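The primary structure of each chain is shown beneath.
Protein chains: 2
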Amino acid sequence: MVTANPLLIPELRVMLAEGDVEGLRGVAEELHPASVAEFSEGLEDGELWQLLDALPVAHQADIFPYYPLARQVDLVKVADRQHLGTLLEKMAPDNRVDLLKELDPDLVEEILPLVAKAERHDIRMLLSCPEDSAGALMTTEYASLPADITAGEAVARLRSQAPDSESIYYIYVLKADRLLVGFISLRDLILARPNALVGDLMQEDPISVRIEEPSDEVVQKLARYDFLAIPVVDDHNRLVGIVTHDDVLDAVRQDATDEAQRAAAIAPLGEGYLEAALVSLTWKRGVWLTILFGTAAVTAMVLAKWKPAHEWLMYFIPLVVASGGNSGNQAATLVITALSTGDCKLADWKRILRREFAVSLMLGVLLAVPGFLLGLAYAPDPLQAMVIPATVFSVVMVGSLVGCVLPLIFRSLGLDPALMSNPFVSAIVDVVGILIYMAVATVVLA
Amino acid sequence: MVTANPLLIPELRVMLAEGDVEGLRGVAEELHPASVAEFSEGLEDGELWQLLDALPVAHQADIFPYYPLARQVDLVKVADRQHLGTLLEKMAPDNRVDLLKELDPDLVEEILPLVAKAERHDIRMLLSCPEDSAGALMTTEYASLPADITAGEAVARLRSQAPDSESIYYIYVLKADRLLVGFISLRDLILARPNALVGDLMQEDPISVRIEEPSDEVVQKLARYDFLAIPVVDDHNRLVGIVTHDDVLDAVRQDATDEAQRAAAIAPLGEGYLEAALVSLTWKRGVWLTILFGTAAVTAMVLAKWKPAHEWLMYFIPLVVASGGNSGNQAATLVITALSTGDCKLADWKRILRREFAVSLMLGVLLAVPGFLLGLAYAPDPLQAMVIPATVFSVVMVGSLVGCVLPLIFRSLGLDPALMSNPFVSAIVDVVGILIYMAVATVVLA
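So the protein sequences, as listed, match chains A and B.
Counting from 280, one number per residue, gives the positions in the first sequence under the numbering used here.
Counting from 280, one number per residue, gives the positions in the second sequence under the numbering used here.
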């Protein structure tokens, strides 16, 4: 955990060309594994393996997960299979599974037999956890102790196990069959009298998550209690793993990016903007643009059927569509973020609808006023001008209600409400907005 | 850190009515402070103080920050001033400053003289840190040691200081004048030989952030290195505080919500959707809807000036506007998220522009095809139908380029690129889209 004073790629290449193993090892040992990954990322795959091979496998296993996943996959493809098996054995359980999920299943089946049996079992278990569950976030490395030893003995045991820094600070107290009965922090162990019993010091019935619990809820619990890690248990309250603070932070950051992209009608890239291949970038945007083009085509067809009595009504089409779309987006985003942060539950749907009704009523009135003034400028008389405020008012109300109802429906169907996000809402509200406009114009001008 | 088996509000009220101080204290001691805050939130302000007053001040100070900030403010308003001074002294430095920032400045000036001098100094320092800086995220409580003691002595010192769990796991090694020279984790101290010197065990020149560094960069560093905390230094490399993992997680979650709301044209609520007052909710949406109504009014004025030769051109207005707006949103969101996660820097602007140019070229062609087919359905001949694909192509290209350039300009001006987010981009692209449509129609049909 030392500052990177990163070596430049040319210097590194000189050391590689000279086979300066000692020098390479010296540099790598002085730096945080993340820094080693960062400064060496510019090397070719072959050179990068040459660098890694200068280090002990355990050290390679520390550095490897810090490369972007796409790069890890590339590196795996050119690696010696036997070496890969050893490397996977040494990697943290969560990191190696993240990598294996990205690989071609055939390649995984080819590599797995080269991994020791216990680790292989662990890998298969983690691979089987559904996405976005506690199981998918957890690691199976944790520190545990029995309840009937003293604090002094406990510290001595930890010393001999030397768990890594991700898992040493929270220690779980287990009964037979890995049954989770308590929790103690390293802080409390250190501060306790050495002859106090772990069973007396520990906190009983620790807050935990079940392995199939959605990752949203894992994040909410860990954040609410400021935990370093949260234990993951099965249906019989047996400890199966822990989710650590750093993995939660990574998940939250990735989710935030995914959601922002989804809200802007982009299938989440899952990688950096500059790293993504142009074709993949085009596809992930194009598929949504095409869908939205299709819904926009409906607005054209609807308008073609409408022979408005007055040309000036045409001027206001973009304004009507934008008013509905904007208020729909607002409502949808508020409900989606409130559901995902845990501020609202599905059970709050009545309160949400009531609030949305009240707010959109006020917003509708707010926009109807400039709408009327604008209408006056183009309509031949004040009565006809009323078409605009009446439409804007209705479109804002309908847009807001549609925007808040759609994510709620998605959640009640067990789907991710974020899937019913802004682009969908806008597309629906666009068409509805034009239909409302036509209806209002027909009624008022009749 | 024990599971909440939360007491119900009626049971709690019975205990309060009976003045059952022992019982209340028993319940509060068994639970995590976050759980105490959660289950007692339903009480009236007066009842809540009655509950808190049953506990020692230090315990009150642990629980208090777990109430939502708005509730903390309400509680402060009805509290005894003298007691408030003592409570603030015991609260964690970052939590109390978060609260004080929400209070009326006059009230703060009234309370501060009641706080002990050293703490008051600390509060004023933290209050002076600019928003969204490392200083605004940090706490001033941290564990530190000199370099010239042994690991055994170090552990004994930590025992006697008993720092709280937020700060005991990373210990900073300081020279005279709080100069930061190294870092050692509690893990490494425990695993070391007791007579090894801290100065030999520590890692030198630890990765740190400067107090004025933007919070984005603090998040990126802490996440990249999986740290529990990151030290904050001044210009002379003197340690002034630390930013801990839990505060970073909270900041990232809040930022994600703020950004999502901003992208949907809502001034960030800064509180839960169900907690926000209806008037404030209406205002935070209404102000943006009104601005966007204003820009949409420009589209109406532009259209009013246009006397299109053919009525069918009018049908495609929403489609043209949507195509530009959607591709503009995509580009803006990609650039904004890439800048805020650190995937791109401003210096990458040439690469960003090149990529956006290539992708939007492909997207333009992709949408031009259905555009042509749709045009054929309404235009009298294929040449006239070409207006639609030509417009869609141009609008997608211009929309994408405007969308990626605006956040870059904002960043280069030192502003938050997220301010130039989707609603602004859409509003600009809407008007530009219609102008392009008019221009293309005039040229093709001439």
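Be a bit skeptical, because a hint or two may be false.
A pair holds if it fits inside one copy or across any two, identical chains being indistinguishable in the list.
[To be verified] Here are the computed lysine to any residue pairs in the SDA-like style, where the Cα-Cα straight-line distance is at most 20 Å:
hint	residue 1	residue 2
1	K380	M294
2	K563	D324
3	K380	E550
4	K396	R633
5	K586	P473
6	K563	V644
7	K586	L470
8	K624	L548
Treat the hints as calculated values from the structure; they're not laboratory data.
Remember, predicted model here, so these are calculated numbers, not experimental data.
Legend entry - 20 Å Cα threshold - placement of L470 relative to K586: neither (82 Å within a copy, 83 Å between copies)
Inset, instruction - Pop the pair K624 and L548 into one bin, within, between, both or neither, using alpha-carbon distances up to 20 Å. - result: Result: close only across copies, 18 Å inter versus 29 Å intra.
Legend entry - Identical-chain pair category, K563 with D324, by Cα at 20 Å: Answer is neither; intra-copy 27 Å and inter-copy 51 Å both fail.
Inset, instruction - Evaluate K586 and P473 at a C-alpha cut-off of 20 Å and name the case that applies: within, between, both or neither. - result: neither (88 Å within a copy, 90 Å between copies)
Inset, instruction - Measure nothing new, just compare the shortest in-copy and cross-copy C-alpha distances for K396 and R633 to 20 Å and report within, between, both or neither. - result: neither (57 Å within a copy, 49 Å between copies)
Legend entry - Status of E550 relative to K380 across identical chains (alpha carbons, at most 20 Å): Cα proximity of K380 and E550: one copy only (15 Å, versus 37 Å across).
Inset, instruction - Using 20 Å as the alpha carbon limit, work out where K563 and V644 are close: within a copy, between copies, both or neither. - result: Between. Shortest inter-copy distance 15 Å satisfies the 20 Å Cα cut-off; intra-copy 39 Å does not.
Inset, instruction - With 20 Å as the alpha-carbon cut-off, assign the pair K380 and M294 to within, between, both or neither. - result: neither (34 Å within a copy, 53 Å between copies)
The structure is inconsistent with the numbered hints 1, 2, 4, 5 and 7, although it conforms to all the rest.
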